[in-house]
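Build the complex: two chains, separate frames, hints provided.
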Amino acid sequence: MRTKATVTIDGREVAINGERNLLEVIRKAGIELPTFCYHSDLSVYGACRLCLVQVEGRGICAACSTPAQDGMKVRTTTEEIREIRRIAVELLLANHDQSCPTCPKASACQLQNLARRLGIEKVRFKPVHDPEPVDRSSPSLVRDPNKCVLCGDCVRVCSEIQGIGAIDFAYRGHQVAVLPAFGKDLKDVECVYCGQCANVCPTGALTPRSEVEQVWKELDNPRKVVVAQIAPAVRVGLGEAFGLEPGTVVTGKIVAALKAMGFNYVYDTSFTADLTVIEEANEFIARKQAAKNIPQFTSCCPGWVKFAEQYFPDLLPHLSSCKSPQQMFGALAKDLLPAKLNVDRKDLVIVSIMPCTAKKFEAQLPRFQKDGVRDVDYVLTTQELARMIEEAGLKFNTLRPESLDMPFGFKTGAGVIFGNSGGVTEAVLRYAVEKLTGVTLDSVDFEAVRGEEGLREATLEVGGQKLRLAVVHGLANARKVAEQVKAGQSPYDLIEVMACPGGCIGGAGQPVYRDRQPRRLRTEGLYEADKMLELHKPQENHFISELYREELGEIGGERAHELLHTHYHSRRRIADTSLSLVDGDRSKLNISVCVGTNCMVRGAQTLLHNLIRHVEERGLQDVVDVKASFCFEQCDKGPTVVVGDKLIHKCTFQAACQALDEAVAVEPK
Amino acid sequence: MTSTPVIDLERIAEEYGNARKALARRITICAGTGCVANGALKVFDAFVEKIAAAGLPVVTELKSEAPAATAKPDGTLMSHSGCQGFCQMGPLVTLEPEGILYTRVQLADVDEIVNETLINGRIVDRLLYEDPSNGKRCKGTADIPFYVRQARTVLRECGHVDPENIAEYIHHGGYFAARRAWTAMQPKDICEEITLSGLRGRGGGGFPTGRKWEAARVQPGDKKYVICNGDEGDPGAFMDRSVMEGNPHSVLEGLMIAARAIGADEMYVYVRAEYPLAVKRIRRAVQDAEQLGLLGDNVFGTGQSLRCHVMEGAGAFVCGEETALIASIEGQRGMPRPKPPFPAQSGLWGKPTIINNVETLATVPLIIRQGAAEFRKIGTEKSPGTKTFALTGHVANTGLIEVPFGTTLREIVFNIGGGVTNAKGQVDGDGFRAVQIGGPSGGCLTQEHLDLPLDFDSLTGAGAMVGSGGLVVMNKSTCMVNVARFFMQFTQNESCGKCVLCREGTKQMLALLDDIIEGRATGETLELLERLAVAVKKGSLCGLGKTAPNPVLSTLRYFRAEYEAHVHQKSCPARQCKGLLGLTIDPEKCKGCGLCARKCPVNAISGEKKQPHRIDSSKCLKCGACEEACKFKAISWN
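These protein sequence lines map, in sequence, to chains A and B.
If you use our numbering, the first sequence corresponds to residues 1 to 669, in order.
If you use our numbering, the second sequence corresponds to residues 1001 to 1638, in order.
Just chain B, same shape as in the assembly (with noise of 0.2 angstroms):
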């Protein structure tokens, strides 16, 4: 057969950087999830047809072969691109060569922004960011703080490439590291390079990847795997559908310089079947991979073989632990099984096999491109580097950032997530509470952290966990044994079943956190809560089980006293634990309509006709339909 030629990495990039030299402007609208919801993708149709009815030249594609021949750059290239992380503004709109960013761009604003700012070079004010700290309107990422703040690497391409191009991920410099750990390195070096760089697993635990490399590496076998793990499953993170939407072919390169590294010829991206776009940009990468030739029977010209697999999960969060996401792509249930032996030793089908998470092999490629002093730079001396959060909850700026680690809290809530919001959405500078941090398996912060450096050691010191990245501010409104509850909550939906632990364990801490809440709880319940939790965290099989327990421990730790003000007096200071509170009527309020009395279901309400009603708390059921029916608002829970 005839061998597939070298890829000329140069000339891809080349011909790219012509082709869009001949067009003057670019607009890219993002089409990440967020945005998709609030009607980008209409957004982007509206462009395209609107300039071209005002008679300007508009395309959607580059086409590559074209060389920059004209003189003077014209026309449009509209072009999609990943996840912006400024989710909460969407749908996102930039503009270049100009660098304006216009946010929550809806339908009716395209023909002003082809009128104004493509025809007469006229900003549209109103569409750009206004600062809530100060009101000044911004004109770009380069003047919002929320953008401004952080240290895009790994998200440095998102939304600003075509993820679906693979030509301006060349252009960008990508496959180039790629090619550089094929062709001019051994895999020694190459475990060598990550060791040295530092790199820690993005996915939860922050393993040495160099290390685990390097295990897989020294194994007998010709038959090897890598697979990278795209089961993002903890509520609130989306930081790795952003990157496999955003930049897919990153993930792409980091595998192919993982299984350089170990020797695999056969790699898995595994993808939770709930990201469809995830999925449908992933396959399209490797599609393109394939057909470049990156992809195939001759990486590189080596003559190795190199394919790689993109698998649907079905969604359970026990798959994102890697033994169980190996047993998922063998086709047997998801369930974990003891370590040892590794996956490193025996892992898919019984050979060694790495499983990375998608941050993690997005980070490769800049390491071996810059190399790892370069990479040491920023972070922390033990946690080299940069890291994705999801950032929700209470707080101004909600969305996808990415720090260095050693950054403090206090610099994520207050300057990039611009302050803690109130109840009504409004920025109050003295509502923090606390942040929860790394989803169920992580645990909740307090004001006392706010300064403590985020990293990997600093967060299992202070009982919590970077996990995969997940960050939710709450305000003062915020019951942390509820927050408690709801994690607690969904790890008992999500068990395997499998170890007896975690299975019981998880289903009796919600009945006492359930105790707790609902004022049933004794003063043996907290004790037996506790002793309960730790037990679950020493002896679960998985580390799913072991971290079960982190956000009763953690808010144990940090909120004892609002545990025990709900358990020994029966009440709940953020007031929002209804089963501890009691309905009562205004008669300031009240206007003796009769109504709320008629909806009470055991007739606990009374009171004369145009006078003030009453309710007998001991036959109240605290159902609330007095609360939803009154009309004058007279009715309330304290």
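Isolated chain A (complex conformation) (with noise of 0.2 angstroms):
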């Protein structure tokens, strides 16, 4: 007879079952010991303190950090531990802004929670509280540092799963912060928005930015038609604002609340999902065929997009040049719907409903947008949307589902799975697959992309030739199949890069959640709504085809290019290389004007603008070229400016002028 590795919990024999640790032991066990910093996809951190256990022989530990081992006997809520515990929340308490009835995380706050759990009902330590500015600096999240209980988990899913670390801490002993680099402002770092900082924070110190104001005053103006377009992983993630499973679609029920607010159009972006494929997966064979800009990255997520300029520049033309269905939709809304629906363009408001922050982002990026107007006007999360139907007074539960509007309300199944880690590629290949063997698909389900690795790998044979994909979210993940591009030893053809884990139902503006379940759910949701559909191949989207034959013509072609396709730029900061400003060439004199921070501080920028005038003013550009460089490391003397072979240091316009007086006349013509 086997015996199993057991541990007893309050008296009661629990099986181990390869536990990371005793705390996931407990849980199993049904216990649901507190925790702020424990998180199944992060690394083991001990800070909260809150999951202290009594171990028999060992004393009290914290379970997270504890392996569990054959025979251990714990005890979880003994009275010293209640009273570890209880002061541990106070203490937390006493240095919070607990303006807690106004604040955005307030439903949702496990502090709240928790003070309410152990009964706590004064906090006998004193306030010690020091108000910090407030950080709304950026499209997507807000970030306040006065709710912050310091437990990292913003610090870890930034680093460990994302890859970037846009925050960390800084500073010792009572001055403990979490801040982005030096203290700035988060528009000012490297953050991609994806706000999964703000999923995993269990206060509302971070948290996506809203825009329900707005919202709600555009859909007071009558003057306005105001449209939504609902994003695949809404359906499945709304319903739990409502105390529903996670995972069970709400499509139409959305629709209703929708009109009830007084939303006069509701479109879906599975609609422009479709589109998305067939504009994609055309450019994918056209690649593959070229063998030109293989592998091909996809393009529909926006944390990806930003994370793919600021550190591989030299990839983007890897990029799908397609705009994500969110811009897709925008761009023929405010193209079309002004004479489908007899409105002025002005008039026009496109809201997006979305489970994603960096949405937020992408809407107001320049460009997306025309004369100065955005395609997309306002982004709503899931969360925002479930409260405006709070506020609204609306009872989701009852409300009877209402059908889309068509046109861009019609969608295959492809364009619903969008909404999960898997689901372009799977979309690309029912549409592929087709147009490359020109036999129809027996079964349309790409079991092998399917799953919830964080790099998932697939081969096909389609044609003849072989396809190899790749799956990827989290943006650590996508950093290592990037890095193989770069290296050009990547195997694969075509990957998609999903930010969030498990793609947009993992999204930072849906309901938030802390553990795998409910994005296992949602995505099983979203594949049930495919089956659902009768239609599942984006070809079978009559209204598309429709679309290319009376408005963009050709898939790929000029029109299609204008609204449905997109171009990138570098972020990098420093460009690797330096920038020719007037046309480069080895044998005219050279002038570098160093750019470096200290330089451009003290005027460098004039400076150059200034000679690359004075250039052109005095006719100089055939034997003068002027370029910009990165930092000669001689800051303090700084503006550094090189004249041909002499370097000026605290160099002024004039000293720069003389100089190239100089050079120009000994210089060999």
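Hints are computed from structural coordinates only; laboratory data are not their basis.
Even glycine gets a Cβ: it sits at the ideal position worked out from N, Cα and C.
Possibly wrong hints are sitting among the right ones.
To be verified - Listed next, with one range per pair, are the computed distances between beta-carbon atoms:
1) A:Asp220 with B:Val1602: 56 to 62 angstroms
2) A:Glu132 with B:Ala1273: 28 to 34 angstroms
3) A:Glu483 with B:Ala1273: 33 to 39 angstroms
4) A:Arg58 with B:Pro1276: 40 to 46 angstroms
5) B:Ala1273 with A:Gln654: 53 to 59 angstroms
6) A:Gly165 with B:Gln1304: 57 to 63 angstroms
Encoded structure:
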């Protein structure tokens, strides 16, 4: 007989089945030990000291950092432990901005929840909280240090899952804080606005930035026609805010709620997801056949796009040039709907309902504006929509489902599964395989690309050639595959990247979740929704065929490009090579102006502009080459300028001109 | 490549000995931080100059190539030493072979020493140490109670050898133990020997060193690390600094033995950057050892490689905690992480790692040299060997001492320390109040503990700990609540901020202590302080958090009445807490000049001209401006 390893928890025997620590065994036994800093996706941190338990023979241990061992006897609620837990929570409350009723995290705040659970009626300690300014600089997130409990969850998710590290701990003792580098604003650091930090934040220290106010105002304006687009993942997430099981598909109720609140038309982002598939698959086939810019990266995730622009500017040609479904929708709607709905373009308001905080950032990018007007005017997260529904007093669960408006409300299953990791790849395959082989697919399910792993691979035989696919979620994983591409060692043809764990269904705009289960159920919900639809392949969407016929013309054609494709630019502050500002030629006299931070502060930029103008005015472009270059590391003597082989410290315009005259005089023509 | 020839330690030792014999006299100037601050380096230069001016041969460096061929030894060797411990009496100058120790030697004294002692062979009496108990002048360390009562083993060579001369270290038997460990012992044997010796970590917790090594030895994998923890950060503690400055090679030799014991090929010495001299000397030691081939690709002819890096820490107290120290070396923020896994399983860069304190490592060569049994002859059964302490506070002789474990507090304070001093600095037989031992992690001991034999376990039992060995003597003018507050302020500033109980708990303990000291406390304050202290002790993440409440808990335990006087009677028995005192004007001394009334920012002082003034206590802010202003010392706190 095989004996199983067990732990006795509060008198009950519980089997150990490879759980990574005692905490997971205890939770398996149905005891919800309190924690702030424990996440199954993140490394063990051991800082909140709330999961303390009494282990016989060892005393008090933090369950999160104690391995479960056979025969352990554990008590989870002794007087001693209750006392420490209560003191810990009271200590946090004493150093917390307790403006709880007005906190955006109010209903989901774990500190509030714990104080209630532990029956804390009075904080015995002195309030020691010093107010700090709130950072509202980012288009996607609000960082309120006054609510921070320093659990470090945000720090770890940003560095471990996303591989970025936009925020980290700083200072010691009572000054300890979680900050972007050098205390800068979030908008000035390498944050990609994925918002995963806000999802794991147990309090209101990091929250999605709300646009609810502005949307209500538009709805109240009789001149405006307000149009909503609903992203695929929203329909399997919103129900959780109203007590429904994660994964419950509530598309019809969302339409009903939006209409009840005054939205004029409600469409589906899955429609433009279908469109994205067709454009992106054709782009891929063309690249593959020309063997150019392969592997192709997907481009529908704005977090990933910003990540690539920051860290892999030389891979930008590998990104699909397709706009994301949100922006395709915005462009199409602003272009076609004024005529169709008989409304002035300026009175048409496009509101996206998204599972994502980075979509807020994406919607405000200049490249998605025309004549200063945004293609997508507002982006509401699933959470914000839930709040609007609550504010409107709608009983969500009893709403009678309504249908989406046509034509942009019509979609196939391909556009729906865009909402989970692997979905874009599968949708592209449903289209591309038929297109490449000319044979109709028997089964549209490509199980090989489904799953939970952060980096999945699949190889398919299509029309005699092998297609190698990678599906990635979490930007730390994306960094790995991108490094391979950069090194010229990527085995893949197509790489799908989603910043958030599980894809959009795990987005930071969704109702907050703490373990993997809601992600699983939401994914199942989307595959279920795909099954329930009649059509599964984008090429079967007759509204799309009609759109090409009547408006867009050819797939990937000029009009399609104008509306559906975009471009990217490097976000590197420091270019790897010097930038030639007047055409470069080695035989010319070179003038390099350092534009490193210190020289910049000392006026290098103005100096550079003046020199370029001076060269042009004197008509010296053919003999003089003016360049901006990065740091000469002579920062204390800036601005530093090199004219030919002469290095000038603390350079002025006059000094540079003088050196230029001297150099030009002796320069062999 | 050519292999490094096996180093002939015997030859180096002999050559050094011969070179040394060729010189008749050696003058050693203590170049520990304390003596250097008092001008020791200038004194050194003056000696070289004056001796030469007197026409006598003098050298500052031994040329070990020059064998002792001259018939009669001649000349003087001038050398620096590390800290000799008697910091209060520095700069210290030792003359050999006479064995004279001159104390507090100033530039102006050099001429006299050269003329009197060097030329005429007479002792300069006034520069000898005077035993305050009997007024007798002591010729050398052999007569000075501060030294006589100590058992200097780890520190034996500190103060005698030139810390920057590897040959001298070898001459005194250095690196023979390392050679033995690398060539004649198996790793398992070394771990066993250290376990047998009963050596316990000198850095704080007192964990058995042999067990730590064994745990790392049995880990699979061929990449392992050994780290020397030189991040001494306790206020008032300077034992590790003195060892690193005074005998850096002993630390390096200990590291080499540890590396052999666990199978490591890379070593780190982590020293705080605030110890520039220690950093310099350790670097020099590593460099010299590399040059000699002790470190490199063929350690003692074994064909194995061993490298040592010196890493400067930025001075965060928490980096003395081993997991935080590892994070710091890895370039991350120095914050402790939960254990397990222990560093012996997964440490630096995820590899098996052992971290030992400086003093522990400096003890290791002694054990390998003389054997575990010999080592166990000193100290107690469970705490064998000796321990260094930094003796400071209200005590006649402050400095660095080394005593066997089991020595009583009475011996240290009254015999080695020369007794407790009062506010005027005079020895006061009845002045003893308490001893704070173990720094911010330690606790206070009282009169009743004077005969307690000091070792790891007895101290823990009494609510204190050996810690790294800071020992602060306090006289009767000390307010124990204030002492607790001082340490709490320190831990609060130095908390890394990771775990809730330490970060927020120290902040609140400090606030509660402030309430007590400033007269705002109620009966609940004490209870809350005690409950909070217990919770922080039981629940914190790392060793520093778990011990942070010790100063509070131990003072509450032994000086509760003093806390209660602050809380209930709103009075400070030691009359130190100004928040509980009032300012009064002595009518006898007051001349009625009115200066105090003009200085008072709230017009709390009134009185007729040339008549005694009065302070209205209901208005008084207790700023003390009047007391400072009064020229007749008529205003006082009481």
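Right, here's what the structure says about each hint:
no.	hint	verdict
1	A:Asp220 with B:Val1602: 56 to 62 angstroms	58 angstroms, holds
2	A:Glu132 with B:Ala1273: 28 to 34 angstroms	30 angstroms, holds
3	A:Glu483 with B:Ala1273: 33 to 39 angstroms	35 angstroms, holds
4	A:Arg58 with B:Pro1276: 40 to 46 angstroms	43 angstroms, holds
5	B:Ala1273 with A:Gln654: 53 to 59 angstroms	44 angstroms, violated
6	A:Gly165 with B:Gln1304: 57 to 63 angstroms	38 angstroms, violated
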